[in-house]
Amino acid sequence: MNTTINERVLALVADKAEVPPARLSLDSTLEDIGLDSLHLMEIALWAQKEYGVVIAEGELHHEQTLAEALALLDARTGATA
Amino acid sequence: MGRAAVLAGVGSAVPDRVVTNDMYAARMDTTDEWIRTRTGIRERRHLERGSATSDLAAEAGRRALKSAGVGAVDAVVLATTTPDHPCPATAPTVAAALGLGTVPAYDVGAVCSGFLYALASGAGLIALGTAERVLVIGAEAFTTIIDQSDRGTAPIFGDGAGAVVLSAGDQSQPGALLAFDLGSDGDLADLIIIPGGGSRQRASGLPAAPGDEYMAMHGREVFRHAVLRMTESSRTVLARTGWDVGSLDWLVGHQANVRILRAVADHLGLAQERAFVNVDRYGNTAAASIPLALDDAATTGLITPGDRIVLTAFGGGATWGAIALEWPNLAVA
Chain G
44 MNTTINERVL ALVADKAEVP PARLSLDSTL EDIGLDSLHL MEIALWAQKE
94 YGVVIAEGEL HHEQTLAEAL ALLDARTGAT A
Chain F
29 MGRAAVLAGV GSAVPDRVVT NDMYAARMDT TDEWIRTRTG IRERRHLERG
79 SATSDLAAEA GRRALKSAGV GAVDAVVLAT TTPDHPCPAT APTVAAALGL
129 GTVPAYDVGA VCSGFLYALA SGAGLIALGT AERVLVIGAE AFTTIIDQSD
179 RGTAPIFGDG AGAVVLSAGD QSQPGALLAF DLGSDGDLAD LIIIPGGGSR
229 QRASGLPAAP GDEYMAMHGR EVFRHAVLRM TESSRTVLAR TGWDVGSLDW
279 LVGHQANVRI LRAVADHLGL AQERAFVNVD RYGNTAAASI PLALDDAATT
329 GLITPGDRIV LTAFGGGATW GAIALEWPNL AVA
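First to last, the protein sequences are chains G and F. Residues in the first sequence are numbered consecutively from 44, following this note's numbering. Residues in the second sequence are numbered consecutively from 29, following this note's numbering.
Derived by calculation from the structure, the hints in this document are not laboratory data. These numbers come from a predicted model, not from an experiment. Any given hint could be a false lead.
[Said to hold, decoys possible] What follows is a set of in silico ranges between Cβ atoms, one per label pair, in the way DEER data are often shown:
hint : chain 1 : residue 1 : chain 2 : residue 2 : range
1    : F       : E76       : G       : A99       : 37 to 47 Å
2    : F       : D240      : G       : E106      : 55 to 65 Å
3    : F       : A236      : G       : K92       : 20 to 30 Å
4    : G       : S71       : F       : A361      : 31 to 41 Å
5    : G       : D70       : F       : A236      : 24 to 34 Å
6    : F       : E241      : G       : T108      : 14 to 24 Å
[To be verified] Chain G regions said to be covered by chain F (calculated; three or more residues, Cβ under 8 Å):
hint : region
7    : 75 to 81
8    : 84 to 92
Ideal Cβ positions, reconstructed from N, Cα and C, are used throughout, including at glycine.
Use the sequences and the hints to build the structure in full.
Laid out in structure tokens, this is it:
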């Protein structure tokens, strides 16, 4: 896992869910964290802007845990520290 | 400097009837909080029964002519998705209602990007020398094509109109339309569509399926394409004017959703507060939203003479565009 992108995604998720990053649980689903469908699209667009990858609609979804979402973004962006 | 189309007047008109989020919550499975957090919309206006697009268009046009201090124009260009009738176009009705005589008058259809396309068309008439002055209007009775029982679309849209007068001038004048970028992608036609009522359905020999007379929208994909296209188009006109994004005073984007506007600002590297927002009060008024926003921003004193402005929109088609100008010293209501 890439630490840099994980930290950036966690900060982004915390900002969107309006909770302190320390309160985020990796085992929580994106829905339980409080992200709506447009938040997921905003995160996908952020990944496109920052890393040039297109995350298709549905790749990020509400039933995913935060850990799964981090793994997906890590794998898809292929970012290096 | 070269001949240019220069903004010489602005006006708008909205129906009196205010429809709040709570009014939707009272009759469908939604809440004020749900609508606000996903769209930024608090209320919108609905046309009075018996009124139509041309009524709003004529009122906005009248105010724009007054702002410009003129009583005559050489052409009327109307951007609308909701003409009074499928045939004929609505612009001649508006021209007649305004007593503008037998000037050329036509509709432009590019849904939510329509006003930018209409501005380009009006500026083209001026560039050709066909017109010295053009009334460009964006007007919608958009609620007439929305299923008012659909919680996914009903709370989003509203009715309204805005208009500007373009006059022949030169590029050094404040108000000159300095750079244009327009685009479309017909492969995305299904993103925002009214399936029935057009030649595709009529020529099939089959009646329209129930509900096919209403607009359907793939919200999340529209969100994605809107953010990317509005960002790219804005960048294009910034490059053409040579303006640094940091020198931009206002991004006046199509008022579809406050989260789209914030995302576009973010992608452009523009401070959030530079993105003008009035979608909270009017909802998405499609082709009317940009001139309605301009009139609102000018009337309330947010936009002041000399401000560098980029207008940008994304809409059905798919279509998109951006136009750059420096705000002129206009008389506003």
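Verification of the hints:
no., hint, result
1, F:E76 to G:A99: 37 to 47 Å, "holds (43 Å)"
2, F:D240 to G:E106: 55 to 65 Å, "violated (32 Å)"
3, F:A236 to G:K92: 20 to 30 Å, "violated (40 Å)"
4, G:S71 to F:A361: 31 to 41 Å, "violated (51 Å)"
5, G:D70 to F:A236: 24 to 34 Å, "violated (48 Å)"
6, F:E241 to G:T108: 14 to 24 Å, "violated (42 Å)"
7, 75 to 81, "holds (count 3)"
8, 84 to 92, "holds (count 6)"
The structure fails hints 2, 3, 4, 5, 6 (numbered hints given earlier, in ascending order).
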